[in-house]
Amino acid sequence: MAGTGKAHLRDGDDVLLRVEDLVVEFAAGRNQTVHAVSGVSFDVLDGETLGLVGESGCGKSTTGRAIMQLPSPTSGSVVLESTDLTELADEDLRRTRRQLQMIFQDPISSLNPRRKVRDAVAEGLRIWGGRNGETAAKVDEVLEAVGLAPEVVGDRRPGQFSGGQCQRICIARALVLEPKVVICDEPVSSLDVSVQAQILNLLEEMKARYGLTLVFIAHDLAVVKNISDRVVVMYLGKICEVATPDELFAHPSHHYTRLLLASIPKPTPGNRQHGEGLAGELPSPLDPPSGCRFRTRCPAAQDRCAHEEPQIREVRPGHYVACHFPEAAPAL
Amino acid sequence: MRPFPVGSAGPPLLVVENLRTMFDTPRGVLRAVDGVSFTLERGETLGIVGESGSGKSVLVRSIMNLLADNAYVPEDSEVIFDGRDVRQLSRPEARHFWGTEMAMVFQDPMTSLNPVKRIGAQLTESIRYHLKLSRNAATERAVDLMHQVKIPDPKRRLDQYPHELSGGMRQRVTIAIALACEPRLLIADEPTTALDVTVQKQILDLLARLQEEHDMAMILITHDLGVVAGRADRVAVMYAGQLVEVAATDALFTQVRHPYTEALLNSVPKVDQPSHTRLDAISGRPPDMAQLPKGCRFAPRCRYALADCLDRNPEMLETELLPHRWRCFVPVGSPEADTALADNLRAGHTAAGLDLNAVAVS
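Chains as they are written, first to last, in the working numbering: chain A, 1 to 332; chain B, 1 to 362.
Don't take each hint at face value.
What follows is a set of in silico ranges between Cβ atoms, one per label pair, in the way DEER data are often shown [said to hold, decoys possible]:
no.	chain 1	residue 1	chain 2	residue 2	range
1	A	A300	B	T193	25 to 35 Å
2	B	G348	A	N132	36 to 46 Å
3	B	D272	A	E91	45 to 55 Å
4	B	T193	A	E281	16 to 26 Å
5	A	E205	B	H349	15 to 25 Å
Chain B regions said to be covered by chain A (calculated; three or more residues, Cβ under 8 Å) [claimed, not checked]:
no.	region
6	198–212
7	218–231
8	250–263
9	268–276
Just so you know, these hints were derived from the structure itself, not from any lab. Note that the coordinates shown come from a computational prediction; the quantities given were computed from them, not determined experimentally. For glycine and all other residues, C-beta sits at the position ideal for the given N, C-alpha and C.
Pulled out of the complex, with its shape left as it was, chain A reads as follows:
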């Protein structure tokens, strides 16, 4: 997979965030380079939820952080409305970044244990010079919105809450500045299944209430399918496939996506399929394979895959794949 190209980018006034040719590399000593993200492009429409899915080491979290400029990407552009974040000076970036907020995987460690909930949520507003009365009212409003009673929780500290409640506090803290885009990096993967459903439902409600645009990063395909309007599948720093969730799950075309979907254990009886699985190990991002990065594990790999990197192209309306030999999907 793993190809480059921009066939899947959309034109139009409602594109809120546009990432083009994003490359993130880290120095690894001994003159080696980790190729974490290598030429990824995608866009997110206003009010859309974009799911970024893939396994450990595919670069999905690095992509999410590069959007926030944490750190800035090695090359490529991140355009929010009409501002390219990669070209902004520090102070301008600080001001613009207010419109982007992030929610992390481990809600307990992302809150300061010594701070009261009310102060943790209010901090962003204080920094931006909110007046005390307005700040307090706004904090109460978002706490209420995420399902916590401000008068009960406001003066407590994070240690008194469960993981699910801490994630609600983190969501409140992200929402208090009224961001345009919220980047959620594995927001439910450390939570129990019953709590996971509460948080997913809450994110959908908050999205409707505050008109948010979400970039939702996760490894759990069922979760990504549930929450996303469009899904990007990544492998080893590249994009494999882009489609709406229903289309992607009904007609996966990329061989990696197919193997990924076949690996999900489904909570239905009699799913004892001992069918195809993904063989081998993830190649090192220090020295990724030439051509298509998935070719070393791909059941359909041919000579061409080693020499020529596949470009992203449309195989069905709104369904894009970076593969020379995609699995044929039935014609519409």
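Since the structure of chain A is provided, determine the placement of chain B on it from the hints.
Using the frame of chain A, we list chain B on its own:
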């Protein structure tokens, strides 16, 4: 003793009877496992499903007799493995029991392997101890085990340290160590939770194949209903230290009886649902294990809860011959449950005060 599942021959491999494990804590006595009974046949796979804090890990550690010093197990708790009372084993006896009769695979392969010892040394340690093999013979056996768990280039891997291996490879090593002396029962405590979904499939396929080859029984602990659906013969659902439903896997998914099992199944997003399907979250949180309610432990979060459920904790319902058991006064699918739910919906709340109209809040 429990009725044996239909078609079983001879006594079960493992009988757990009224097992209770308590911990003394500053907040009071914490009943982590509170009266668990089940049996396991030779070669059978039992899945144990539950959320964090439900006591599933303490349960298997109690079965292995691997508990911390502040744990207390009352005298009437029984763990009988192949006719022997595990709790009565002396330490020297236990040392030859672990590894050769029962072995365990833990969730996090990084912390269950010694970071400063080579893979080969860790793998041959138990082989040399239990099977009294020479160094060379043990190394040969180690290479053979590495082949069985499909680790490529095993000779080179034996000289490596755990940090030089990927997470999936490390978990293969811990499985190889657990299988080294061909135990008759393998306890796998969330063996794939830390792994990616494609690696999870590789590891679960591997466990299934090895289990068949060695005719080994397995207790598979997981929070993932999808994993048990495909891998377990029977499933036990655990909530707040107790089993609430035990059934053959197919029966559990097609004729669910306990409201908690039903709620758990409904709260998981499924790949065959259309996107943006609203999930039925379970309201509230599990009870504080140091201050348990006197009634049913799930009643405060249950949509079917009646006044009776708050007063008394239901006993596990024993059904003759049928291996499907549950602990509930108003089991899902019964006329009582339909009436209870209809009444609760009309009132807008359950007997425990759970608001059925409001959005689920933790």
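Here's how the hints hold up against the structure:
no., hint, verdict
1, A/A300 / B/T193: 25 to 35 Å, "31 Å, holds"
2, B/G348 / A/N132: 36 to 46 Å, "39 Å, holds"
3, B/D272 / A/E91: 45 to 55 Å, "50 Å, holds"
4, B/T193 / A/E281: 16 to 26 Å, "19 Å, holds"
5, A/E205 / B/H349: 15 to 25 Å, "21 Å, holds"
6, 198–212, "holds (count 8)"
7, 218–231, "holds (count 8)"
8, 250–263, "holds (count 5)"
9, 268–276, "holds (count 9)"
The structure fails none of the hints (numbered hints given earlier).
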